[in-house]
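Construct the complete structure from the given sequences, taking the supplied hints into account.
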Amino acid sequence: MFYPGYVPVKDIRRLPDRTGTAFHQWSFNFPWFVVNTRKKSAKVKKEFIKVTEQSSRHRHLEQMSVKEILTGINEEDAGVPKAVQEAIPAIEAFVLAAADKMLSGGRLFYMGAGTSGRLGILDASECPPTYGVPFDLVIGLIAGGDSAIRRAVENAEDDETQGWRDLQQFSISEKDVVIGIAASGTTPYVIGALRKCRENGILTGSISCNPGSPVSDTADFPMEVVVGPEFVTGSTRMKSGTAQKLVLNMISTSLMIQLGRVEDNKMVNMQLTNDKLVDRGVKMLMERAQISDYEKAKQLLVEHGSVKKALLAIGS
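Residue numbering for the sequence shown follows the working numbering, beginning at 1 and increasing consecutively.
Worth flagging that the hints you see were computed from the coordinates, not collected in a lab.
Computed from a predicted structure; not experimentally measured.
All C-beta atoms, glycine included, are put in the ideal place defined by N, C-alpha and C.
Mimicking DSSO-like on lysine-lysine, the simulated pairs with C-alpha atoms at most 27 Å apart in a straight line are:
{"hint": "1", "residue 1": "101", "residue 2": "245"}
{"hint": "2", "residue 1": "67", "residue 2": "82"}
{"hint": "3", "residue 1": "245", "residue 2": "67"}
{"hint": "4", "residue 1": "101", "residue 2": "266"}
{"hint": "5", "residue 1": "309", "residue 2": "101"}
{"hint": "6", "residue 1": "245", "residue 2": "82"}
{"hint": "7", "residue 1": "298", "residue 2": "283"}
{"hint": "8", "residue 1": "296", "residue 2": "266"}
{"hint": "9", "residue 1": "276", "residue 2": "266"}
{"hint": "10", "residue 1": "266", "residue 2": "309"}
{"hint": "11", "residue 1": "175", "residue 2": "101"}
{"hint": "12", "residue 1": "283", "residue 2": "266"}
{"hint": "13", "residue 1": "50", "residue 2": "82"}
{"hint": "14", "residue 1": "309", "residue 2": "296"}
{"hint": "15", "residue 1": "245", "residue 2": "266"}
{"hint": "16", "residue 1": "175", "residue 2": "245"}
{"hint": "17", "residue 1": "298", "residue 2": "309"}
{"hint": "18", "residue 1": "309", "residue 2": "283"}
{"hint": "19", "residue 1": "296", "residue 2": "283"}
{"hint": "20", "residue 1": "276", "residue 2": "296"}
{"hint": "21", "residue 1": "276", "residue 2": "309"}
{"hint": "22", "residue 1": "298", "residue 2": "266"}
{"hint": "23", "residue 1": "276", "residue 2": "298"}
{"hint": "24", "residue 1": "276", "residue 2": "245"}
{"hint": "25", "residue 1": "50", "residue 2": "245"}
The calculated label-pair distances, taken between Cβ atoms and stated as ranges, are:
{"hint": "26", "residue 1": "292", "residue 2": "86", "range": "46 to 52 Å"}
{"hint": "27", "residue 1": "68", "residue 2": "88", "range": "31 to 37 Å"}
{"hint": "28", "residue 1": "294", "residue 2": "154", "range": "50 to 56 Å"}
{"hint": "29", "residue 1": "201", "residue 2": "271", "range": "31 to 37 Å"}
Printed below as a string of C-alpha cells:
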C-alpha cells in the first residue's frame, strides 16, 4: 500500500528538510514513508469530502429494536481495529520521531476540540499515575479550555489562532512535540496551531479519520484512521472516537516504553495512589525481588515510593 504525497525513505535525501532539523539515521532504515510532501494549508478545502459525514448504511434507526441497534453499532465497531492496523506504519514513523524529541527532554502535547480534545486529555491524564512521569510531560489541550471538558464551548473550535496561544502558555519550543486530533481533519483550532508549530520548527503529528484531510496536509506526520460513516450519521464520538483512543493508547504506551518507564511488561514506575495500586506494587516487588514476606515487601515499597526505586535500593 502507498499513499499519494508521500515518498519512500530511499528518496528522502533529495528532499528539502521540512522540519528545520536534519533527519535522523533511523529514518534511512525505515521501509515506509516518513515525510508528507503535499502542500500545506490551514484553510479548509471546500472540495474536501468528509467520509465521516457520509450517510450511515443503517436506516430508520428509530424503528429498530434495542437488540438491532446494539448489533448494528457492534458491527460498525468491528471494522475499527483493521483501520488502525492499516495506519501502523504512519504511527510508527511518528513515534520514532517523537521518542527522539522526548528522550532529549521534550514534552508531548495533544490538541483537539470536543470529543477529540477530551480523548487527548484522558490519555495525557493517565500517563503520570501509570508511568510515574511528571504531570507536565504529556499535556492535553481542548478548544474552549478546561470548562469545555464537561460542557461544549460555542464556536471555540472555529478560532484558528487560539490553539497557538494555548500552546504559548506552556512556553512551547522546538524541543517539544504536538499532535493535533481531529476526526474530521478540518478543525481550525487544531490546524492553526499545527501551522504555527511548523513555522517555529516544532515537530507535529495529526490523527484524523478522513483521508487527505487539511489537518493531514498541515502535519509532519499525519496518521489517518479511515473508519467510514458512523452508525448515527456524523456522530464521530462513535467509531472515530474509538479509533482515536486506540491510536492514542498506542502512541503513549510505546513512547513510555521507549522512555524506560516499563520493565518486562510491568508498570514499575506507577504511582501508589490507592490501596489497589499498593497491593499490585507489593506483589510485583515480591515477584521481581523474590521476597516471600508480603509485609516486608510492602514496607520497602512504601518507603521508596515505587517498585523501580525499591528494586534499585535492594540491588535487584
